[in-house]
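With the UniProt record's numbering, the residue at position 78 of the sequence shown is 78, and numbering never jumps.
These are computed hints drawn from the structure, not numbers from a lab. It is possible that part of the hints are untrue.
As the list claims (entries may be wrong) - Mimicking DMTMM-like on lysine to aspartate or glutamate, the simulated pairs with C-alpha atoms at most 25 angstroms apart in a straight line are:
#1 36 - 98
#2 94 - 31
#3 54 - 98
#4 94 - 68
#5 137 - 77
#6 54 - 77
#7 117 - 39
#8 126 - 77
#9 117 - 31
#10 117 - 77
#11 53 - 31
#12 90 - 31
#13 84 - 3
#14 84 - 143
Claimed, not checked - Restraint ranges, calculated between C-beta atoms of paired labels, are given here:
#15 142 - 36: 33 to 41 angstroms
#16 5 - 42: 22 to 30 angstroms
#17 140 - 1: 39 to 47 angstroms
Glycine included, C-beta positions come from ideal geometry on N, C-alpha and C.
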Amino acid sequence: MVDVGSKSPTVRVAEAEATVYLGPIAFRLVEQNKIKKGDVLSIANFAGIMAAKKTPDLIPLCHSIQLDQVSLNLTLDSTTFEVKIKSRVKAYDKTGVEMEALTSATVAALTVYDMCKAVTKDIIIKSVQLQLKTGGKSDFTRE
């Protein structure tokens, strides 16, 4: 683990996105809230929040961080039959929260997959990526 003991805490923010292709049948069932396991978007939202809090338990050399905020926004894109997942994590700490944001978006995507897999095998987690990281010495914004 990297030693962050001499660093000063700052407000750290990270945003990550994931995209899940469902296909038309599963998409319509999610849209109509008719997936047998329940409300896909709400459950994936909670899963993403829980995942951000568990990040240091999942990634061996990741620091434990006192998170101030975790929020997710899941939207349905009816033109592409996709779920768009955006995760935002904020903390006042000595190290960044990008791993928490990425873990949050990824687990939300996996939850969508799990809840819809009985309907179709065509589901694809197409992308997971960091969009923004601020508060450290190397800020980042994806163009």
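Task: Pair hint residue 126 and residue 77, alpha-carbon separation not exceeding 25 angstroms - done: Distance of about 14 angstroms is within 25 angstroms: holds.
Open item on the list: Next pair to validate is residue 94 with residue 68; report whether the Cα-Cα distance is within 25 angstroms.
Closed with: holds (13 angstroms)
Task: Proposed proximity, residue 31 with residue 53 (alpha carbon, max 25 angstroms) - done: Answer violated: residue 53 to residue 31 is near 28 angstroms, above 25 angstroms.
Open item on the list: Holds or violated: the 33 to 41 angstroms window for the beta-carbon distance between residue 142 and residue 36?
Closed with: holds (36 angstroms)
TODO: Below or equal to 25 angstroms on CA atoms is what counts here, so check residue 54 against residue 98.
DONE: holds (13 angstroms)
Task: Pair hint residue 94 and residue 31, alpha-carbon separation not exceeding 25 angstroms - done: violated (41 angstroms)
Task: residue 84 paired with residue 3 [C-alpha distance capped at 25 angstroms] - done: violated (35 angstroms)
Open item on the list: Between the alpha carbons of residue 117 and residue 31, is the straight-line distance 25 angstroms or under?
Closed with: holds (15 angstroms)
Task: C-beta pair residue 140, residue 1: status relative to the range 39 to 47 angstroms that was hinted - done: violated (22 angstroms)
Open item on the list: So if I understand the rule, the pair passes when the alpha-carbon distance is 25 angstroms or less; does residue 117 with residue 77 pass?
Closed with: OK: residue 117 and residue 77 at ~19 angstroms, within 25 angstroms.
TODO: Using the beta carbons of residue 5 and residue 42, state whether their distance is inside 22 to 30 angstroms or not.
DONE: For residue 42 against residue 5, whose Cβ atoms are near 40 angstroms apart, the range 22 to 30 angstroms is violated.
TODO: Compare the distance between the alpha carbons of residue 137 and residue 77 with 25 angstroms, and conclude whether the hinted pair is satisfied.
DONE: Distance of about 35 angstroms is beyond 25 angstroms: violated.
Consistency with the previously given hints fails for numbers 1, 2, 5, 6, 11, 12, 13, 16 and 17, ordered from lowest to highest.
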